[in-house]
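Trainee: What follows is the residue order along each chain.
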Amino acid sequence: MAGADVAAPKHPKKGGKKHKTKKRIAVRIDMTPMVDVVMLLITFFMLTTVFNTPQTMEINMPPDSDVKVEVAETALLTIRGTSDGALYWNMGIEDPQKIEFKELRPLLIDRSRGNPKLITLIKVERNGTYDQMVNIMDELNLAEITRFSIAPFKDIDRQMIAKGLGG
Amino acid sequence: MLRKKNRINIFIDMTPMVDVVMLLLTFFMLTTHFKPPAEAEVLLPMSHSKFKLPESDVMTITVTKEDRIYLGLDSQVLRGRLFGEDYALKSGIEVADKKTLAEMLIQARIMNPKLRTVIKADKNCPYGPIEDIMNILQKVKITRFNLVTELEKI
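Listed in order, the protein sequences are those of chains A and B. Going by our numbering, the first residue of the first sequence is number 1, and it counts up by one from there. Going by our numbering, the first residue of the second sequence is number 1, and it counts up by one from there.
One or more hints might be untrue.
[Claimed, not checked] With a straight-line Cα cutoff of 30 Å, these simulated DSS-like cross-link-like pairs (lysine-lysine) come out:
(1) A:K98 - B:K123
(2) B:K98 - A:K154
(3) A:K102 - B:K123
(4) B:K123 - A:K154
(5) B:K90 - B:K52
(6) B:K52 - A:K102
(7) B:K65 - B:K98
(8) B:K114 - B:K90
(9) A:K154 - B:K139
(10) B:K141 - B:K99
(11) A:K102 - A:K117
(12) B:K98 - B:K123
(13) A:K102 - B:K50
(14) A:K117 - B:K139
(15) A:K154 - B:K65
(16) A:K163 - A:K102
(17) A:K154 - B:K99
(18) B:K50 - A:K117
(19) B:K123 - B:K65
(20) A:K154 - B:K141
(21) A:K102 - B:K65
(22) B:K65 - A:K98
(23) A:K117 - B:K141
(24) B:K50 - B:K114
(25) B:K98 - B:K52
(26) B:K65 - B:K141
Simulated from the structure, these hints should not be mistaken for lab results. Only a predicted model underlies this, so the values are computations on that prediction, with no experimental measurement involved.
Okay, chain A solo, but in the shape it has when bound (with noise of 0.2 Å):
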């Protein structure tokens, strides 16, 4: 089967002369081993090729960190991650209560509704997880809050969240 086979004319009882005259001759050529090897390239690159680039968050950040800006603490929500990967928030100077990730939402949502200058600060703890930190801000952009700060979490954090599940 390999290479160019001469097919045989199709009709040979009645062949002779009409082939003579005609002069031409059907070449099949085995296309086997042709699509063995582009089968292959195409499973190659079937599985080489990365369909999904991968998805990204974008953040700005203000070019300057050293501006303070005032804001009036009763329209300040904190969120605040810890190492043990448990959340706490509070408005303005409020004790922190703890929440579960999955009512941090619909919180976010009511939040941001009934005060719509709401400033949303994040504060993770610096041995908590990159996840905790990803999930919260995946959070705040569900709740449709795009404009949040971030802050480093400081003792006095630790502190007001022993206050808050003391108290």
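Here the structure of chain A is known, so what remains is to put chain B in place on it, guided by the hints.
Mentor: Quick look at chain B alone, frame taken from chain A:
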């Protein structure tokens, strides 16, 4: 003869199939851009964000679980200029400390002002180093950057 053998020689015309296969092949060959070899294995966090990662002029800061930082660039020319010719073929290099990272970021931005910065960090990585990197970015006046995530189905 035919009846005795009970076999019929079948010729399948493969031409249409070959046509289609060739079309597919050209499609895949043209659309393919090879997955850049990753500097390190990173497990991405999930998000619902739908921004696509830009395809060119990307500078990637990879942070692994073990808190190692790698800086990668997508252009080989730029890599050669920034990291030295020996490293041009590698997709990125490990950055020893955060001060060199800041310097390299500035250098890279001078060489190609269109560069977009992307942070690709492992989801189990502690938040501390990320916070530091974000501060560095702010300090070197890269105020817009992206965090690479994986799309989470709602």
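Trainee: For which of the previously enumerated hints does the structure constitute a violation, in increasing order of number?
Mentor: none
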